[in-house]
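Enquirer: Now for the letters of each chain:
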Amino acid sequence: MQNLRKERLAYLDEIILSTLNLEELMPLEVDDEMILENSVLPQPGQEISLTTGFNVHSRLFWAALKSTHPGKFPDAEIKACSCIRASDPFLQLSHLQGRLHELKYILDDVPAPLRQWAIAESDDVSWLSNTAPEHRTILKSQFASMRANIHVTHLWLQSITYDQIDNIVLNKLNNLSPSSNPPITIPRAKLTWSEREDICRQLLHILSGIPAINLEANGHHLVSISFLSLSMTSIFFVAYILNSKST
Amino acid sequence: MEYPGLQHARYSETSSNHDYSESRGSIIDHHLSPGENNLSHSPSSSQHWVNSPQSVSANPSPLSSSYPTDDLCDRIMLNRILNDYMEDIYPMVPVVHRPSFRQDLSRNKDIYSKDFLGLVISLCAVTVGIMPSRFEEYRAAESPIRFSTRTEMVNYCYQKLMELRGHNYFDEINLQKWAASYLMSIASFQVGQQNRARMIEVEHTQLARLLDIHQISSYEGLNCIETQLRKKAFWLMWYIYV
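Sequence lines, in order, name chains A and B. Position 178 (the first sequence) corresponds to 178 in my numbering; numbering is contiguous. Position 14 (the second sequence) corresponds to 14 in my numbering; numbering is contiguous.
Treat the hints as calculated values from the structure; they're not laboratory data. Honestly, I wouldn't trust all of these hints.
As the list claims (entries may be wrong) - Computed footprint of chain B on chain A, listed as stretches where at least three residues anywhere in the stretch have a Cβ under 8 Å from a Cβ of chain B:
id, segment
1, 98 to 107
2, 140 to 152
Stated by the list, open to error - If we take Cβ atoms under 8 Å as the criterion, some of the chain A residues that face chain B in the derived model are:
id, residue
3, Glu24
4, Glu37
5, His69
Fair warning: this is a prediction, and the values are worked out from it, not measured in the lab. For every residue, glycine included, the Cβ atom is placed at its ideal position computed from N, Cα and C.
Put together the whole structure using the sequences plus the hints.
Expert: And the structure:
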């Protein structure tokens, strides 16, 4: 998705991608301290490992390309690889809609400290009950950084998927008839506007609810986004208000 | 899919054959085994390390000792930067096994292992590259870092990393070399050196492919630490792929 210009060498290709068992490649959800050379100890008590956050983030990127649960979220990828989809905009659109659907709900079951609406200074520290007091502050900060990483990535992946859907709808489907293809819903640009608006709102919420140091830990992408989104959101709301007033 | 010639030029996944008196062994033992280090090279035995998941050190070694990182910054500052990596960046970029790394650092493994030294340099680069606020703190420290900008420091780290390489650097590969390249690519990108970042990205992409970190079958025989690290490395590469 990101590498649209194809100017970079890809780590994987379609053939390798189709043969990988991604679930097997998921790291064990325990902290490093639990991993010894020849054995792995269980994560203590109710503690949530940092690797759990890492895996949640990884599954987002997984879901952006293919289903993390093929039986639960069937889509075009089962029937066609990207080569076939590239020549059939209906298949590609169906695939993207499947990815978007899974992405939208993939974070519903994440542990509480990684949820978008988690409050950084929450009094609920049950997940830190076994953690030494002097380390709680650090752990809470680390989870805040991961929360920013996870949820901004989540929104970004949805946003660029909408971009691709718009591109297909505007440039490829206008002059085609879907009669010979499986019936799919072809969205109009205006219909995705509310979703994009929701993405903006969620992004603003995330950026305003996480301390700057934890945004910074995610690199200048996020710092840039935070400035850009604040200004863009302001523009959006100004435009929205002006539009409301004129109608 | 095998690239042409790859099977003939199969790379060895063992410890690097440097001039240093590094103990030999598998890739696993080379950089991750807690008991592998050669203490005779330690310039200081007076260090005390806090065994917490987050901290790297609480009582760094004396400045009077000589370390291969002294041209970058003094040891107190080095430990501070690495501590910041552990606290701020590690959750998103987990390229080390914390207990092993902490132990290797406490034993000053960078003195006799070029690969570990390269990893340390790259970790410093990525911390400074990502965290401008931390860099400002390093500048304002009692014994401030000598670089005036993040770009200057990251460039120096890159130069230093390149100088560590011998003519046979790529003859033997391991996950630590992948990590050094991966981190330096990120660091370069973060300070606006996109062209360099992209070229280093090609290098760490190739290293990841040669290490077969995407093939679970290639993990056979690896210990639990190396297995976990390679899986994390795979997903870090996956992010770039998407």
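Enquirer: Look at each hint and say if it fits the structure.
Expert: Here is how each hint holds up against the structure:
For the segment 98 to 107 of chain A, the stated coverage by chain B is not satisfied: 0 residues place a CB nearer than 8 Å to a CB of that chain, which falls below the threshold of 3. For the segment 140 to 152 of chain A, the stated coverage by chain B holds: 6 residues have a C-beta nearer than 8 Å to a C-beta of that chain, and at least 3 were required. For Glu24/A, the interface hint holds, since its Cβ comes within 8 Å of a Cβ in chain B; the closest pair sits about 5 Å apart. For Glu37/A, the shortest C-beta to C-beta distance to chain B is roughly 4 Å, which falls under 8 Å, so the interface hint holds.
About 17 Å separates the beta-carbon of His69/A from the nearest beta-carbon of chain B, more than 8 Å, and the hint is not met.
Comparing the model with each earlier hint shows violations of hints 1 and 5; every other hint is respected.
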